[in-house]
Structures are given as C-alpha cells and as structure tokens.
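S.K.: Residues per chain are reported as follows:
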Amino acid sequence: MSETRPPGTSVDPANVREEDLHAFVDGRLAPSAAAAVAAWLSARPEAAARVAAWQSQRAGLQSLHVGLLNESAPLAMTSDLRRPRHQWFAGLAASLLAGVALGWALHANTSGASREAGLFAHSAPVFVRDAAAAHAVYVPERRHPVEVGASEQEHLLQWLSKRLGAPLRAPDFRTEGYELVGGRLLPGRSGEARAQFMYQSGAGERLTLYISVFPEGAAPAPASFSYAHEGDLQSFYWIDGRQGCALTGTVPREKLAALARKAYEQTAS
Amino acid sequence: MGIEEAIAHIPRLRRYARLLTGDAARADDLVQDTLERACRKWSLWRPHVASRSGDPLRGWLLTLMHHLHLNQRRDYRYDDGHDEIDVLNEPQHEPLAVAADRLDLERALQGLPASQREVLLLVTVEDLSYAEVARVLDIPIGTVMSRLSRAREHLRLSMSGAAPVAPRTPLKVVK
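Heads up: the protein sequence lines correspond to chains A and B, in order.
Just so you know, we're using this note's numbering here: the first sequence kicks off at 205 and counts up by one.
Just so you know, we're using this note's numbering here: the second sequence kicks off at -11 and counts up by one.
These are computed hints drawn from the structure, not numbers from a lab.
Possibly wrong hints are sitting among the right ones.
Counterexamples of contact, computed for chain A against chain B with all Cβ distances above 10 Å [to be verified]:
#1 G264
#2 V270
#3 E356
#4 Q447
Partial selection, computed: residues in chain A whose CB lies under 10 Å from chain B [what the hints assert, rightly or not]:
#5 V220
#6 E223
#7 S267
The beta-carbon is built from N, C-alpha and C at its ideal position, and this holds for glycine as well.
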C-alpha cells in the first residue's frame, strides 16, 4: 500500500490499492473513481470475488439486530442512575434521559465542574435540591416542558392531587406577569409522587413550583420562607403542614421572594 | 439542545454495543455506563466544530463507549478480544426463523479480535468515515485501514464454505 493518497479521494486506474477497494465497498468514492475501480475489478475475478464478499459482509452486518433500533431503552437502565455515588442525580426525575438533559442544563446554567458537589447548600432540605434538579431538567425543554398543559388546568390539578394524595392548587401569578404553562408528575427519592408546575413570563422566562407531600407524621418541622441558591439559580421554599414547596428560578431575589409569598398565600391550607 | 437529541442516539448505541460485546446484557451495561459517564463529563464536552461530517455528539458518545469497553476488556483479561469464552457461552436465544448465515456472520464477528471488530462495525454499521473512526478510536487513519482490511479478510475466510469459526486460529481455513 502506498501512503501518498488518503483513502477514497481519487483513484489511479493503473494502481488501484487495497484502500481504494475498501472505499469502493463503503461507498466513499466519487462516481468517477468508483467507475475506475469497477473497471479494474472487471478484469480481475479474484479481487472482484473478494470485494463482493466484503459487500455482502457490509450488508449482512447492517442487518444484524436492527430490531434494537425500534426498541425503547429498558427501564432497568434508568434505575441505576440513582446509585448513591451519583448523589446529585439520586432523586432526579426518573429517566436516564433526564440525567442526560441535566448534564446539558448544568452546562448551560453554570460553568465549572464543581457544580455537582456544590449545588444548593446541603443544609437545604432534600426536596429543595430535587426541585432545583427538576427545574434544571425541564426549564430548557422547548417541545415538552410539561406533561399536561394549562389549557387542561382542572384535569391537571385533579390528577396531581390524586397522585400526591393532597389537594393541590396552582398559584395564579398573572398579576406578576407569569402565565401557568402546565405541570408534570415526578418521582421522589423513594418513588413517592411529586409535582412540578411551570410558569412563563411574556419574555419567556420560566419559574417552577415544586411540591412534595410528606407522609403522615414524617413531615419536617414547619418552616417559613427560606432561601437557597447556586449561581443564578435560586429557590424560596417553605413547609406548611405536610406540604413542602419550592419556587425556583433565575429572576432577581426580591422578585422571587414576592412571588413565593404570593404562592404561599394562595396555597396555604 | 433538548432531551430528544440524546434519546435519538440510544437505539443506535444499543445496537452497536450489542454487536461489539456479542451479549445483550453486557451491551446494555455498556450503554448505561456510557450515558452515566456522559452525564458526569458533560461540562468537558466540546463539539468538534471543525468536523465536517457526522454528528459530534454521537462521535463523543462512541468515544466514551470505546474507552469503557477497552477498560472492561482489560478487567476481564480479554487479551485483545479473544472472546472465545463468549462465543461458546453465547446463548442461541434468537427466534428460529433467523437465517443461518446471519448467525454464522455474528459468530464470525465475535471471533474477530476486538480492535478489528470495533473498526469494522464503526465503518459498516455506524457508517462513519475513516477519518471519524480514527478520531473516535484515537488511532492513525493508516491503522484504521489496516485493521479494516484484516477484519474483512478474517471474516471472509471464516464465512467461506461455511467453515466453522476457529477464534484462536483466525487466518487458517479449516481442513
């Protein structure tokens, strides 16, 4: 094999190399070069048989396990993402893909690799960190930001209330310039149901309200407004009865605090 | 960028891993490890703006998978992919209708040294350009071509006359 030409660029009809034959089989040659190789092969039955065998290998290999291309990813893949060594992912919205999206979201929201350890002070309750994770995953989503849209608000609230086992209300932020986009159901760390409502301003800025309903007797002590942040992302959270709520976004702190107060007034049990 | 972009890669990664490892369970483990590693290393990923063809995200995922597979081979002491044990233990749980030559081809594929199998699969099944294969595996393009050549000849000799594959003596035609 001579080393003068990169494979597949052109072919010297007087000197067809082995690389040219591979490029021919793999369809990497320009039409004129492919024609030159074909002509060369027509006079050499042994080489032609070899090339024909490679062509059928190629087609055969491409046909192996094609069924997998139409299968959805097994759920078992997703559960392993919750292993303790991935603390940050542990409570995250269940799917593997959510994990991938998180990578993106973190990449987009922050710089620096220390994000994994530093996100939200560990003094913040677990559900607040989960809320931030869910925020990071779904807020950048363009096509599927929510499972059920605001146009079906009644159904949305009934459904999420039923799954979380407590009557939920979606606060109305319209006077503050935020419309409800809709909501989705999310898994907590022990598989319990959680809810996320998403809001959007006219400028496209998004907020999420994350709600966790604690089991009877297992709720943390009631807490008034607390604040956690990491980079631009901040949360105001509170615990009222069995419900823990976290309002998360990148709006200025005072604005977020005002919205959180409004949410609390509207949803207090 | 959205979730859909990553979803789109999973089925292909699973098929590639299935052919690379020759085993459904090990293949899915490999895909999962690849995605986990991708999650953790996301901030290090810099798409090759310069790469003219192909999908940079896919190339990166394939590179991560290559490194993981390489480590596994070392862990299991698969000396350059002498997957003899795999070939023997590979359960024949394919449905009956699968053509015999497809099974032959798959067995012959598993009889290749892993380094050759990788190149052959990236070129044919993944349809990457030779330059992309060189980048994914981090080897010179000349090495890509020589491995490709050996893989194809190995496979051809294994398949010719439906001779049974002899993993340890790959280049001899039996009988």
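S.K.: Work down the list of hints and note, for each, if the structure agrees.
M.R.: Hints, one by one, checked against the model:
1. G264: At roughly 5 Å from the nearest Cβ of chain B, G264(A) sits no farther out than 10 Å, so the non-interface label is violated.
2. V270: With a cut-off of 10 Å, V270(A) comes too close to chain B, as the shortest Cβ separation is near 7 Å.
3. E356: holds (22 Å)
4. Q447: It holds; Q447(A) is separated from chain B by about 28 Å at its closest Cβ, greater than 10 Å.
5. V220: Since the shortest Cβ distance to chain B is 14 Å, the answer is violated.
6. E223: holds (5 Å)
7. S267: holds (7 Å)
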